[in-house]
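Peer 1: Letter by letter, the sequence shown follows residues 16 to 94 in my numbering.
No wet-lab data here; the hints were simulated from the structure. Relax, there's no trap hidden among the hints.
Distance condition first, Cα-Cα at most 20 Å in a straight line; then the derived SDA-like pairs of lysine to any residue:
hint: 1; residue 1: Lys79; residue 2: Asp42
hint: 2; residue 1: Lys73; residue 2: Thr37
hint: 3; residue 1: Lys43; residue 2: Glu77
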Amino acid sequence: MNPMRYRGKPRLGTVVELLRVTDYVSDKLGDVRIPFIVLQGSADVVTDPDGSRELYEKANSEDKTFMMHCLERRMKMLR
Numbered sequence: 016m017n018p019m020r021y022r023g024k025p026r027l028g029t030v031v032e033l034l035r036v037t038d039y040v041s042d043k044l045g046d047v048r049i050p051f052i053v054l055q056g057s058a059d060v061v062t063d064p065d066g067s068r069e070l071y072e073k074a075n076s077e078d079k080t081f082m083m084h085c086l087e088r089r090m091k092m093l094r
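Using the sequences provided together with the hints, build the complete structure.
Peer 2: In C-alpha cells:
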C-alpha cells in the first residue's frame with residue numbers, strides 16, 4: 016500500500032473539477048488531428064470503452080484505428 020495515496024472519500028471540489036475537465040476534454044476531441052490507435056480491452060475496469068470509442072468517433076484525424084479486444088485470455092497466457 017502506498018502511504019501517500021489518499022484513502023478518504025472524494026472531496027466535492029475534486030469531483031466538480033473532474034467533471035469540468037471531463038466535459039472540456041470531451042468538447043475538444045474534434046481537435047485531435049494526429050494519427051493514433053486505440054487498443055481497448057473489453058473488460059477494462061479503469062478506462063471506459065465508451066470513452067475510447069467517443070475519442071475515435073469525434074477525432075478529425077484521417078489516420079486512426081480503434082480495436083476492442085477480449086484481452087483477459089491473452090493476459091492469462093502471459094503470466
